[in-house]
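Participant: Listed here are the chains, written in short residue letters.
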Amino acid sequence: MASRRRMLLKVIILGDSGVGKTSLMNQYVNRKFSNQYKATIGADFLTKEVQFEDRLYTLQIWDTAGQERFQSLGVAFYRGADCCVLVYDVNVMKSFENLNNWREEFLLQASPSDPENFPFIVLGNKVDIDGGNSRVISEKKAKAWCASKGNIPYFETSAKEGFNVEAAFQCIARNALKNEPEEELYLPDTIDVSGGQQQRSTGCEC
Amino acid sequence: MIETDINDLSDDADYAAASRQQGPASFNRSDSGRRSSSGETEGAEVVYLKDNVTIHPTQYAADWISGRLKLIKQAGSLFMTWIPYKGQNSNARLTEKDKNLYTIRAVPFSDIKSIRRHNPPIGWQYIIVVLSSGLAFPPLYFYNGGVKEFLATVKQHAFLVRSADDANVFVVNDFQDPLQKTLSSLELPRAVSVANSPSSSVALSESPSSGNQEMTEGGAFNGSAASVRQNGTPRQKHNDPARDLHMQVLEKFSLVTRFARETTSQLFRESQMDGFLASERRRYDQPLVEHQSLVEHPESPDSNGSPKTPVPADPLEFDKMSLVWGKPRQPRLGLEEWSNFLDSEGRVMDANALKKRIFYGGVEHNLRRELWPFLLEYHPYDSTFAEREYLVAIKKLEYETLKKQWQSISHAQARRFTKFRERKGLIDKDVVRTDRSLSFYDGDDNPNVHLLRDILLTYSFYNFDLGYCQGMSDLLSPILFVMKDESESFWCFVSLMERLGPNFSRDQSGMHSQLFALSKLVEILDSPLHNYFQQNECINYFFCFRWILIQFKREFDFDRTMLLWEVLWTRYLSEHLHLYFCVAILKRYRNKIIGEQMDFDTLLKFINELSGQIDLNPTLRDAEALCICAGENGAACIPPGTPPSLPIEDASVYPQLEDDIL
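Line by line, the protein sequences give chains A and B.
Okay, so the first sequence: first residue is 0 according to numbering that gives the first Met the number 0, each after it adds one.
Okay, so the second sequence: first residue is 0 according to numbering that gives the first Met the number 0, each after it adds one.
Among the clues, some could well be false.
[Said to hold, decoys possible] Here are the simulated DSS-like pairs of lysine-lysine, each with C-alpha atoms no more than 27 Å apart in a straight line:
{"id": "1", "chain 1": "A", "residue 1": "93", "chain 2": "A", "residue 2": "139"}
{"id": "2", "chain 1": "A", "residue 1": "93", "chain 2": "B", "residue 2": "604"}
{"id": "3", "chain 1": "A", "residue 1": "31", "chain 2": "B", "residue 2": "483"}
{"id": "4", "chain 1": "A", "residue 1": "140", "chain 2": "B", "residue 2": "394"}
[What the hints assert, rightly or not] Here are some, though not all, of the chain A residues that point toward chain B, as calculated from beta-carbon distances under 7 Å:
{"id": "5", "residue": "17"}
{"id": "6", "residue": "25"}
{"id": "7", "residue": "29"}
{"id": "8", "residue": "32"}
{"id": "9", "residue": "33"}
{"id": "10", "residue": "37"}
{"id": "11", "residue": "38"}
{"id": "12", "residue": "41"}
{"id": "13", "residue": "68"}
{"id": "14", "residue": "70"}
{"id": "15", "residue": "109"}
Please keep in mind that the hints were generated in silico from the structure rather than gathered at the bench.
As the structure is a prediction and not an experimental result, all values here were calculated from the model.
A virtual CB, placed ideally from N, CA and C, is assigned to each residue, including glycine.
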């Protein structure tokens with residue numbers, strides 16, 4: 000079958016402190032939400048097996064500290080990423096305004112080979128709070144920003160209630176896969192030698 | 000001088016008598032050795048004593064070393080010692096120094112796993128004592144018999160059962176819980192200790208700390224072995240105790256390699272032949288990797304395969320045979336003992352003795368509130384009760400003033416004060432996710448959580464340049480838990496941040512210098528592991544980031560964290576014991592790390608998941624031993640100003656440091 004390296008899809012979750020990065024990761028991987036998470040120190044990751052087109056992949060999801068001061072560590076953790084998830088809290092303006100900083104910081108530190116086309120996904124989290132009445136960023140505004148950055152797929156999520164989390168990570172996985180260099184996608188002993196790539200490249204219709 | 004400190008047995012009346020019979024001791028004894036352990040062997044009862052118990056380091060009878068084997072009961076624990084006689088075999092190839100390397104100094108039976116009895120048809124009976132770590136002492140030959148009596152005595156005072164597999168094997172401390180057993184076994188051998196007996200001191204600490212004249216470059220190395228030397232105050236330069244100590248350490252390593260290892264491995268080959276305890280056979284027959292993974296993860300499904308990669312030997316592994324250990328941990332310091340440290344007006348009479356006591360045992364929880372301010376150097380050791388009371392009152396006013404600075408910010412002002420809002424926002428987010436599983440901090444609207452917030456916000460005004468950074472709430476939480484009082488917690492936190500503030504600096508320079516020092520320490524203490532990290536792009540040591548940033552706060556439960564902190568805060572032996580503690584943990588798992596060829600990601604995950612799995616006291620003993628082992632070379636790995644050392648330019652602000660550190 001495929002090589003080990005190709006099977007691993009590395010995803011980095013970034014965003015301001017307290018927007019729910021750890022919660023999103025745990026909701027997706029363990030289907031659990033806790034009120035007692037601690038602020039992430041350093042970095043950690045969880046893995047989950049995902050299947051696409053009869054093939055299994057390991058999604059390695061990296062959770063990092065949200066405070067800007069720790070960004071210089073990024074260079075160690077972002078390396079080799081296949082997709083970057085930018086998270087903000089729909090109830091906190093600053094966390095939305097910082098999305099661009101996180102995006103640029105990521106590109107700077109991870110230095111992907113094709114920064115123009117590197118797959119990002121934006122998640123607007125905590126839509127459950129106060130029934131959405133306390134939100135300060137509208138979906139429209141968020142989507143407009145995503146469109147201006149090269150049509151970044153956008154999802155509104157609630158890690159607490161599990162809302163849209165699975166769908167978001169499906170899209171994340173697909174985009175991560177899309178980022179894998181073509182020559183690594185098909186190895187000599189792989190049976191399926193046609194078709195898959197085109198289907199995959201359609202990505203998610205977000 | 001150190002020679003005599005370590006080996007001087009003049010306080011041991013039995014030994015003194017024995018050595019007089021054997022001939023004059025070949026060392027000049029100093030007073031310090033006597034002073035070092037006087038009074039500290041009180042309460043020890045010799046329950047077994049046998050002369051002419053001998054080890055055979057080589058096949059040549061001239062090298063055989065006879066000594067006295069004793070079982071000593073102290074404070075409810077049983078210890079074994081074997082002290083070679085001095086002055087025998089004047090034409091032996093082994094010097095006195097060599098012989099002393101084999102000395103067994105008060106090994107507690109809690110560290111002993113099993114004793115194997117051998118009754119060869121011809122020759123002397125002997126025993127092999129195997130430690131929990133899997134290490135073993137050289138065989139002890141009983142020239143005058145007495146093995147049966149020895150075992151009977153052990154059985155009276157410690158838990159000893161005959162192995163079901165082999166009638167000649169007696170298992171000590173057979174824990175019911177295999178996991179417990181696993182945790183108690185040591186991957187890292189005890190390195191070199193300067194201990195004479197379980198409760199005896201590092202003799203140097205008792206030396207008067209008069210002259211600092213030798214220590215011109217030493218400001219940066221406070222607390223390291225270099226300052227051991229400094230405060231050890233050698234009487235003659237060429238007889239520098241610390242140097243002797245390190246020389247001896249090095250010699251110990253080489254000698255142990257040369258003699259003990261050969262002998263012991265040979266014996267274990269023999270042992271297999273006649274049906275040694277099954278588990279022992281595993282230990283010694285099988286490649287280290289497999290043994291290691293078996294020990295660490297008995298339940299792990301992948302531990303039954305053959306090792307994937309050959310693991311280079313730990314260069315310090317030979318001291319598995321060196322019979323020396325970090326000193327046994329002591330019970331926590333209690334109220335009665337603490338009151339003896341104080342004079343009638345409340346001054347700590349001997350700060351170094353206090354630090355040493357806390358280093359080896361920690362503090363009972365109800366005393367922490369009184370002691371932490373000293374350890375953090377918020378309260379001077381030589382202050383009186385009255386002076387401290389006054390200080391507390393003054394500081395309370397000062398705190399209130401500081402706190403008002405942000406309390407007086409109106410809503411309108413806050414709207415125009417982004418930095419304040421952001422800072423407050425960060426703190427608000429973090430305090431509600433700090434130690435909330437503790438009842439002290441749980442529940443909605445918990446007043447202690449509000450205190451955390453107020454103190455952190457006040458600190459971010461007190462030290463506006465540093466501000467607030469994630470991790471600080473982790474450092475404050477135990478302090479507030481202990482101190483209870485808001486102002487006192489604040490000032491203790493300020494003192495702690497004097498040491499750890501650079502961990503949070505914007506350029507991360509404090510963290511980088513510590514990670515760098517850590518890599519250098521691993522390089523000298525385990526170069527194969529260092530090479531492995533280098534080859535596998537793990538050399539940045541970021542996987543240890545959390546350990547260092549918040550002083551292992553996430554790696555231990557709350558009580559163990561507090562114990563570890565007070566040990567680190569004593570700065571006894573080294574200001575940078577935490578780095579040796581990192582090395583100690585890494586060395587415990589080195590074979591697993593290398594054997595499984597962990598890459599950076601896997602290693603980071605592995606290290607993160609060690610949280611809650613690290614055995615505190617044995618690791619502290621390892622760290623102590625590693626620190627002594629590394630000595631000046633270790634201190635030289637740590638650049639001046641590396642946290643928690645004070646920045647070099649400010650060193651003069653804290654002149655008392657020079658006297659504080661052993």
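Participant: Each hint needs a verdict: does it hold in this structure or not?
Facilitator: Do the hints match the structure? See the list:
no.	hint	result
1	93/A - 139/A	17 Å, holds
2	93/A - 604/B	31 Å, violated
3	31/A - 483/B	34 Å, violated
4	140/A - 394/B	50 Å, violated
5	17	4 Å, holds
6	25	13 Å, violated
7	29	15 Å, violated
8	32	13 Å, violated
9	33	10 Å, violated
10	37	5 Å, holds
11	38	5 Å, holds
12	41	4 Å, holds
13	68	5 Å, holds
14	70	9 Å, violated
15	109	15 Å, violated
Hint check: violations occur at hints 2, 3, 4, 6, 7, 8, 9, 14, 15; the rest are consistent with the structure.
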